[in-house]
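In order, the protein sequences belong to chains A and B. Mapped onto the working numbering, the consecutive letters of the first sequence carry residue numbers 1 to 193. Mapped onto the working numbering, the consecutive letters of the second sequence carry residue numbers 1 to 238.
There could be a bad hint or two in this list.
[Said to hold, decoys possible] Heads up, simulated SDA-like pairs for lysine to any residue below, C-alpha to C-alpha not over 20 Å straight-line: (1) Lys119(A) to Pro41(B); (2) Lys119(A) to Asp210(B); (3) Lys168(A) to Asp210(B).
[What the hints assert, rightly or not] Under 10 Å between C-beta atoms, here's a sample of chain B residues computed to sit facing chain A: (4) Ser72; (5) Ser75; (6) Trp208.
No lab work stands behind these hints, which were simulated from the structure alone. Since the structure is predicted, the reported quantities are computational estimates derived from the model, not experimental observations. Even for Gly, the Cβ is constructed at its ideal location relative to N, Cα and C.
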Amino acid sequence: MSVRHALLALLSEGPKYGLQLRQEFEARTGEVWPLNVGQVYTTLQRLERDGLVESDGSGGEGPQKGFRITDDGRAELAAWLRTPPDLSSPPRDELVIKILIAVRLPNVDVHEVVQAHRKYLVQLMQEWTRLKEYSAERDLGFGLAVDAELFRLDAVVRWLDAADGRIKRASLELLEGPRTPLPKVPRRAVVRS
Amino acid sequence: MTVLELRDVSKVYGDGPAQVQALRAVSLTVDEGELVAVMGPSGSGKSTLLTIAGTLEESTDGAVLVAGVAVSGMSRNDRARVRRRSIGYVFQDFNLLAGLTAAENVSLPLELDGVPGKTAREHGLRALDELGLRERAGSFPDELSGGERQRVAIARAVVGDRQLLLADEPSGALDSTNGDAVMRLIRAACLRGVAGVVVTHDAQLASWADRVVFLRDGRVVDQTAPAAGPESLLAPNS
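All chains, please: the whole structure from these sequences, using the hints.
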């Protein structure tokens, strides 16, 4: 979460005080992402240093100091909104690694491992759905954030479902013997445990 | 009160080498006001579970109780009566009859059960009213939007004193916004006291339920604990 650009967005609505920025930032993110209080003021200092915001110089430190966005700040915000986040190189996914290892270990019931994770994820989704049911209709930003979380968790459950099916088919083929030669796995996709 | 109870229900299709064991000793209870989702891949037995719970099919073994009454072993006619009086279905494509108005679609199950026409129509209008559709009562299905058709289908499923609502992939081909709308309506029916069972492979739909039961190869392998309140995710620094 970019505190920097969130603050620029709030200031693009008009000049604000440090304390006000902190309160509005917390309110806008729907309290989903708790924020380190100090982060708002230190980020404002950095934005001022970089010429993206100006302060009125009054009120001493953060809370009472007034801030406004500069033209450079507006340009920075507009560019940031349109810059795609880096989704091209996936992070090392702990769950994927666990399932890959479970597949290779003897005496491990992979389906049972998959189910343990599936159950946990669906429970989390139930909690998010309760939140959506009770409050998301009244708060657009919060509803969008909850949807994002539900779709993300849903994707993980779907991967587990696909993995479950793939592992089942693979073990059946092992029992029956492959009818057609298995395609060669590209070398870089081979995972060594 | 327990509305649906399956005790060690098994279902076998075919015999000899072609035999398929669709359900293996499945036990499940659903209480009044509770919404349970049954999740599993294709072939896990979830649709079989729903048709047996809905008395459309008989189990090979075990007992099925609807509102405390054992339907296993009942005559075909008696089962049909339990089905018409106590059980409502929501199908993937809603299955509304094109030649009947919304109100007629909703009151039809009651009329089939011998409820006099006038009473059936009153119950039908009340069910439509609860779903905000009173003013659409005289419209035919093709005059209704997709969202309105969903609501008519749900009204039909809960009309009269139906205690058990069974839904098979109730969001069908709908997008996620409309899928949510269907689940909100089913939840609302449950809050009014109906016991609901939704079978689905979709985790987002299942997550509307109080409890999610996982089915695999005809067996219940796991279930989630009853859903925690909405506050638990909002704890600081979670």
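Status of each hint after checking the structure:
no. : hint                   : verdict
1   : Lys119(A) to Pro41(B)  : holds (14 Å)
2   : Lys119(A) to Asp210(B) : holds (14 Å)
3   : Lys168(A) to Asp210(B) : violated (29 Å)
4   : Ser72                  : violated (30 Å)
5   : Ser75                  : violated (40 Å)
6   : Trp208                 : holds (5 Å)
Hints 3, 4 and 5, counting from the list given before, are not met by this structure.
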